[in-house]
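Those protein sequences? They're chains F and D, same order as listed.
Read in order, the letters of the first sequence are residues 139 to 586 in our numbering.
Read in order, the letters of the second sequence are residues 68 to 469 in our numbering.
These are calculated hints, taken from the structure and not from any lab test.
Fair warning: this is a prediction, and the values are worked out from it, not measured in the lab.
Mixed in with the good hints, there may be bad ones.
[As the list claims (entries may be wrong)] Here are some chain F residues the structure puts well away from chain D; computed CB gaps all over 10 Å:
1) 275
2) 333
3) 518
[What the hints assert, rightly or not] Listed next, the in silico DSSO-like pairs over lysine-lysine satisfying Cα-Cα at most 27 Å (straight line):
4) F/477 with F/336
5) D/156 with F/306
6) F/425 with F/477
7) F/223 with F/474
8) F/447 with F/223
9) F/306 with D/73
Just so you know, even glycine gets a beta-carbon here, dropped at the ideal spot from N, CA and C.
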Amino acid sequence: MSKSNLTRRGLLKTSAVAGAGVALPTIFTASSAAAYMNEPTGGSVTLGFNVPQTGPYADEGNDELLAQKLAVEHLNGEGDGGCLKTFTSNALQGNGILGKKVEFVTGDTQTKSDAARASAKSMIEKDGAIMINGGSSSGVAIAVQGLCQEAGVIFMAGLTHSNDTTGKDKKANGFRHFFNGYMSGAALAPVLEKEYGKDRRAYHLTADYTWGWTQQESIAAATEAVGWETVNNVLTPLASTDFSSYITPVLNSGADVLVLNHYGGNMVNSLTNAIQFGLLDKEVNGKDFKIVVPLYSELMAAGAGANIKGVFGSMNWNWQLQDEGTKAFVQSFGEKYGKPPSNSAQTCYAQTLLYADACERAGTFNPCGVSEALEGFEFDGLGNGPTLYRADDHQCFKDVLVVKGAENPTNAYDTLEIVEITPRAQVEYAPDHPMFAGGDLGTCNPGA
Amino acid sequence: MLGLNKQDTTLFLIVVALTALAPFILNPFPTESAMAQFNAGYPDLMQRFVIFGIFAIGFNILFGLTGYLSFGHAAFLGVGSYAAVWMFKLFSYNVFPAIFLSVVIAGLFSLLIGYISLRRSGIYFSILTLAFAQMSFALAYSVLSNPKFNLTNGETGLQVYTDDLQMFHGDHLPDLPHIFGLLTMRDNFVLTVGGWDFNFNVGYYFCALIMLLAFYFSVRIFRSPFGTMLRAVKSNQTRMYYTGLNARPYTLAAFVISGMYAGLAGGLMAAVDPLAGAERMQWTASGEVVLMTILGGAGTLIGPILGAGFIKYFENIFSKINDTVLHSWFSFLPDGMEDFMVAIVHPFIGKGWHLTLGLLFMMVVIFLPGGLVEGGQRIMRLFRGKKAAKEADEATQSTPAE
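For reference, chain F alone in the conformation it holds in the complex:
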């Protein structure tokens, strides 16, 4: 059993150890020699690309990763330079960032907030990443943005469409190039009004989480403003794969438009179910029944196949645009990977270049300097037309595309056709708009 030998010597030893333990804190707090978190000291700088490589959005994530690798090549002066030639800011020389060679590490978000934060943390703590970029879900984007704020690195969001990312969850260290639910609504409503008339009755099926709610709120508000009536909004669990039971009530509700606030696999399944039930062949209130998918992506369109013919939606960017920036990026991406990039790939590419450019212009990697350089920055030549990074909420303002499923696609990649390029002025809103209120940007955190 227990034996304890309490001697004078033993006691002294123990108290010495305990004393050292108590004294440790002062060493810890006095250790911050660097000016900011992960200050690059060698000849290279490390960026962290945190994308979903497994899980429901793995396709999107892998496409983002391809674009990010391409951006790194272009920054280091390899390849054909891509958008470096068309970007209106000429700070980037193709010699890395501030003369340092760009390296990158990758992580898997698994589209789970916890896993995403863990992989971002390991990139920051272990690999010394100075910026985190990527992601394909608003929940993850908000979680990682919070982490980057605490850790003191810059977060350049990937695909995140929820109003909250730059609304109530906005952070000083986080920046979003992608558009949001409000912009989707503002761009879609006039087109829907023109195509389907003023007196429509809409039925919403909404994915039951942050993104779904904010998008539903935005679309309902925008369509009601043009005279539509929202008959019902039904929340569907994110894990659903069969939406049949949600479709039947639509037919009996007297609605003549179905709005699917779904994304990824959810959207593919719910749209397929709706088509199987013959919704598009129905006539209600003397009008043809219609389906709207407010947020489109190329990869979803490919998954839904012929079902998306004539279905309206919105996008941040599409490879079929004809401006110089888009052409340069699509050519560069196509030559390297043999396919056109998706809009999630484009936003990650643009974000990486924007970050690099901001570092060059600020002359430092310090998050506070970078943040200052990005705030209020006006640029063009990255594929979205003239764009503003608004200082109030770190949201980009640019044109929004209204698209619809192509009637006669000629190949596997032109499944969507551009209906209208909605000008920036039409999708702008005040920083304190009710849908975005309640957040606090805080102050930039340089970490150390």
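Take the given structure of chain F and dock chain D to it, following the hints.
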């Protein structure tokens, strides 16, 4: 020492040494070397090692001793995390009240679920716990996060905002979890020796200290009459009933204790990173702790900690090896060979880490049914001959209860 017998004392001291020296042990390669990829000595992963160690130690009290296989322990971990973050939101960033509340809430929650689930045993018990955990996940993910009543903040995860109440928070206190304002969980001291960078992190040592307490407590349970009673449940519960002993209170107590361990782990997770995501309640998370325990050696004292470390290492290190890294490893080979080797290794790294882990898990279960602990014993036997091996057997107590 401390009421432990000689072997247990040795084992406990080994665990103490391992956790105290972890920053050195886990960082064997210089930072700039190519092998640095395999270093695990950075704060986040070290914290995960000990936190999931606590989770697995607690799970082992239920599964290893009574043989009741719960597939829903992640629910208690999640509840603990939510409780801790709510403490941060309402009161202050001090970690002690947060962890205290997370243990209490997880204890109450496990009492409720255990009271219902323990009416059945075997596979029915497992299914019941699984069902409860999935219900909790669904509740946290969407039901309890609607805009009118937002308890969990759904998919985004519960976070602390600057406009939260935080009654006892002041300007003099740091804006992240801290220990009475003296130290924050993020404080980190980097010791640079030669090419090596060793991280000494407050969050890690705080969690490690709590893990040592948890480990000590679990050793005491294993060696107590209560522990013997739990083993009796595992070997033959019917016989216990026939001799007039009611097993239910014992199993319920074991269930609640392991639930509290899970809550403690959840609270610590929130303490080192103040966000609680619903995913940590999902069934995959419950399955993970089962894997940890079996991989390390169910029913052994140190097994669950080893298993937890093993799985977390794979999840965080192997998943981050990408093709670029592979190409740099094999760059000494001729071009064709290089691509060939990369193509062969590719499915097992990066997003394929589950595959590697699955293969290893199969091998462990087939060749080392006693888990990593048995592997360690076999190696010892090779080195020290039969007599010493017998001692080692007793030291880690892998004698099956049957």
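Going through the hints against the structure:
1. 275: violated, 8 Å
2. 333: At about 31 Å from chain D, residue 333 of chain F clears the 10 Å cut-off, so the statement holds.
3. 518: Label holds. Min Cβ-Cβ 32 Å, cutoff 10 Å.
4. F/477 with F/336: violated, 40 Å
5. D/156 with F/306: holds, 16 Å
6. F/425 with F/477: The hint is violated at about 39 Å.
7. F/223 with F/474: It holds: about 17 Å lies between the C-alpha atoms, which stays within 27 Å.
8. F/447 with F/223: This hinted pair is violated, its Cα atoms lying about 36 Å apart.
9. F/306 with D/73: violated, 58 Å
Comparing the model with each numbered hint stated earlier shows that hints 1, 4, 6, 8 and 9 do not hold.
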